Amino acid sequence: MNPQPAQSEALRGGEQPVSAGQVLRIHGLSVSYPVYGQEPVKAIRDLDLGVRPGEILGLVGESGSGKTTLARAIMGLLARPGRIDGGAVNFDGRDMRALSEEALRAIRGRDIAMIIPNPRGELDPLLTVGRQIAAVARAHLNITRAKAEELALEMLRAVQIPDPKRRFNAYPHELSGGMAQRVVIAMSLVCSPKFIISDDATSGLDVTVQAQVLDLLRALVRDKRTAMMFITRDIGITAHFCDRVAVIYAGEIVELAPTGRFFENPMHPYSVMLLAAFAHNPKLREKWHKPLASLIRSQGKACEYATRCVHVEPQCNATHPELRELEPGHFVRCFVPVLRPA
Amino acid sequence: MQSANEPALDPGEAGALGASAAGRRWTRLKFQLRFLLAVLRARPMFALGYFIVLTIIILGVFAPLIAPYPPETANPEDFLQLPSGRHLLGTDATGMDIFTRIIYAPRIDLTIAIAGTVISAVVGSLIGALVGYYQEMRGIRAFFAGFVMRAADVLQAFPVFVFAIALVAIFGQSLQSIIAAIAFVNTPIYLRLMRSQVLAIRNMRYVEASYVSGASDVAIMLRHIIPNSLGPILSQLSVNIGWSVLLTAALSFVGAGVVAPTPEWGSMIAVGFQSIITGQWWPSVFPGIALAVTVFGFALVGASVEVLADPSRRRALGGTLRQKPSGAA
Amino acid sequence: MRVLRYVGKRLIFIVPQLFGIILVSFFLVKLIPGDPAVLMLGPFATEEQLEKLRAGMGLQGTVLDQFWIYLTNLVQGDLGTSWQTTQPVLLDLFQRFPATLELITLALLLALVIGIPLGVAAAYFKRSIIKKFSDYYGLLAGALPDFWLGLVLIFFFYTMLDWVPAPLGRLDIALIPPPTVTNFLLIDSVIAGDWQALWSALGRLILPVVTLGVINAGPILKMTQSTMERMLESDFIRYAETCGLPRSVVIRRALRNSLPSIVTIISVLYGFLIGGAVLVEIVFSWGGAGQYAVQGVLNADINPVLGFVLFSAIFSLVIYLIVDLIYFAIDPRIRS
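Here the protein sequences come in this chain order: A, B and C. Residue numbers for the first sequence follow our numbering, beginning at 1 and rising by one. Residue numbers for the second sequence follow our numbering, beginning at 343 and rising by one. Residue numbers for the third sequence follow our numbering, beginning at 672 and rising by one.
If we strip away everything but chain A, and leave its shape as in the complex, we get:
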């Protein structure tokens, strides 16, 4: 394991899930999707999380664990019929939930930007990429069209697109996947946002291209001390890329730790299982992986992971575990954490 040395002083000590000095602070956030005639599905439950300026926070979880719901809830773009049941999203001193749609629009793209996967499908097929980048700049920065286009060209250069002048006038269908991804990064950075959410952004790319894009992204973010939430299904990427790692399961943070600590000693059985699956070690996998019987939600009366866990004890099925700080800055939601390296 080769974790990135932590940048922030605070990270070496016991950084709490949410603390002052963080640009984004999520407090007790709950999101649910109503289902007709049934209990609503709780996609996010009572979630605390924060990101410091200049920090890259990795958010790891399987499909359906609530990663994208969290991202969209932060931006106030929750898809119907999802709704926020409670909690607070504080961004840069503003209560995001109290803001009007127009105020949110002004923040999106300006202060909080989002990078998404499958970038070619996410760009307007009828407009040149240069104009699309310039449109974002013009929407937020109160500058002339010429100035915005100049800025767009500058951004294309910054994301190291070869021959940026020519690419400026290219249409999305004329770009490769990696190139389109760079365009989307340029678009998200054009207003120098304070916070970037990357939602599974590199999943569609070749491994080599992925590495290039990630390096570029990290350099740009570090350069401007931008905070970033890096959502991924690939726990391996977080080891190289993030300062802290949060593991999300069934809408809850089950483990949160500085990257180094996390990879040295993952404490939640689910984290260990994820790492085992990633390590391609059959013995490890056999030890930690239990065939998925059912995904019955516990409704807050038991550990959500109990049905899949290999270390179930009576209290796991009786009480819902809280997130506990087991060593400075290392939080685990488990009654029987794995205390030795697996």
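Just so you know, the hints here were simulated from the structure itself, not pulled from any lab data. This one's a predicted model, so the numbers in the text were calculated from it and none came from an experiment. One or more of the hints may lead you astray.
Some chain B residues judged to face chain C by a derived CB distance under 8 Å, without partners named [unchecked claim]:
hint	residue
1	Val490
2	Met491
3	Ala494
4	Val496
5	Phe503
6	Ala591
7	Phe595
8	Ala598
9	Ala602
10	Ser626
11	Val627
12	Gly630
13	Ala641
14	Leu642
Here a beta-carbon is modelled for each residue, glycine too, at the ideal position from N, C-alpha and C.
Use these hints to put chains B and C onto chain A, whose structure you have.
Relative to the frame of chain A, chains B and C by itself:
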């Protein structure tokens, strides 16, 4: 989400619970009736569509029992009477009772429209299925498939209405020839619809799988392609019947369809046309409303068929119906 | 340059297409029973007179011979003569086609003005009254017979209120029509500076244009709404929302991406209305091309029918060509 939790709403599973064959059929029927009722409660507009269509058909069938006057007997003393207790919707310029003629009219209009549309749907779908199935192969059949499509192009390049009138003129002015004309102008619609359906379904994995496992062309068509393409065809059929009612009326309106004393909405509007300038609106307005309501009803039925024939949309609708039908409209 | 090659390819296909249409329509129309020579000269004509007339009308010999005569005349720009108007069909069509075009062009413009904004609004505000209204509008517009709606409008606005002139043609009978240049009355009266004629022509256009416009707004509305709904759900619009682009920009982008479908439905309606407006033409005694063709069919007058079919086919093909050029202008993916 919904589908996993509602075994009771699946006709197949519900049927499997029944013991004997007859019992199973009864359970299935009961289930389907209940489902239909639930759908109609959730989507009152669909119910309105079925209500309109049924009412028009019943009125037409039982017209001789309901109608207060004979439909084709002129009564010159009573000409252009305003709607009143004696003549519910008034009389036309020859003194015929408009209400009587309106409820007699579906006998002609619906017969022509339904017969013409069904013929075109059957013929067009069959040709379309063959064309779609063989188009991408090689040899003489693919050549014919291409030829049929070019012919359909040419036919569709004709202005529909002039084409229909020309057909009626060629065959002579009779019920059969109007049906033939309507069938003829509608056929390319089904030909194209079926062809595109078949082309899409043909390349699906399950069709390929059954091809690889040695099923014959006929078996593939009967088992996979026709059942899967039936939904859009049926939905189009219903909308198209309404549209053919309009066309029938239009033909009669210009004098190329049903001849004057026969009760028919289009020719009634045409006859009333002269009076409207002088202020007698009822001979034209009432048949027009009857015509519009009928077409509207068939359009609604078409919309409902479109939803009900698609298993996923039917499920979605069923899911919303399950417990709180009141909130689902 | 690519555009030219594209257009050229389309033009090459037009000739065989037109030939096919003429071929089919010739034999089709030939099947219509009735001998125009008898109809023209009446029951007391001698066989000799009839033969002479038939020869003059290109009606002797086998059907194939007649088709050959028709084709050779056609190549020379002669579409034959109508025995009803006793004028060359070409001349008749040059008078009547513009009448129909003027009517349906304005009607489609009205339909656009109604259909597109309503469709966009219904797609954007999914849970609003506008959405409900446009749903019902679409169903209702599809159900109303246009000729009947025309009659009802005449009853209200002419018979009852007397707000519009009598539904008798394109111009007040008392007025002298402006000198013929294009046969589009609006254009001709502007050219002649004849404002009285312009006013009269406009007044007479109102009801038929409203009739056709209100009904044909239905399909445009439905198409706009469904395409816009799809676009607003699409990934790139959702991404535009996450970029915080203003609402107006988002709607403009979705609409721009919906344009190809909307343009297609407009072109289909345009081609359809050339013949499809005939009922409204009859109601308003418009003297348009559709009416001319229908009279031809009903009276075994072959040449006007053939001429009309040919004209409307060419018109449709031109429209489709323009549509292709519009696609070309809108969508860069077609260009490359």
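Hints, one by one, checked against the model:
1. Val490: violated (13 Å)
2. Met491: violated (12 Å)
3. Ala494: This hint is violated: alanine 494 of chain B lies away from chain C, its Cβ roughly 11 Å from the closest one there, beyond 8 Å.
4. Val496: holds (5 Å)
5. Phe503: This hint holds: phenylalanine 503 of chain B lies near chain C, its Cβ roughly 5 Å from the closest one there, short of 8 Å.
6. Ala591: Cβ of alanine 591 of chain B sits 6 Å from chain C, so the hint holds.
7. Phe595: holds (6 Å)
8. Ala598: Hint holds; alanine 598 of chain B Cβ to chain C Cβ min 6 Å, cut 8 Å.
9. Ala602: violated (15 Å)
10. Ser626: holds (5 Å)
11. Val627: holds (6 Å)
12. Gly630: holds (4 Å)
13. Ala641: OK, holds: alanine 641 of chain B within 8 Å of chain C, min 5 Å.
14. Leu642: With a minimum Cβ separation of about 7 Å from chain C (threshold 8 Å), the hint on leucine 642 of chain B holds.
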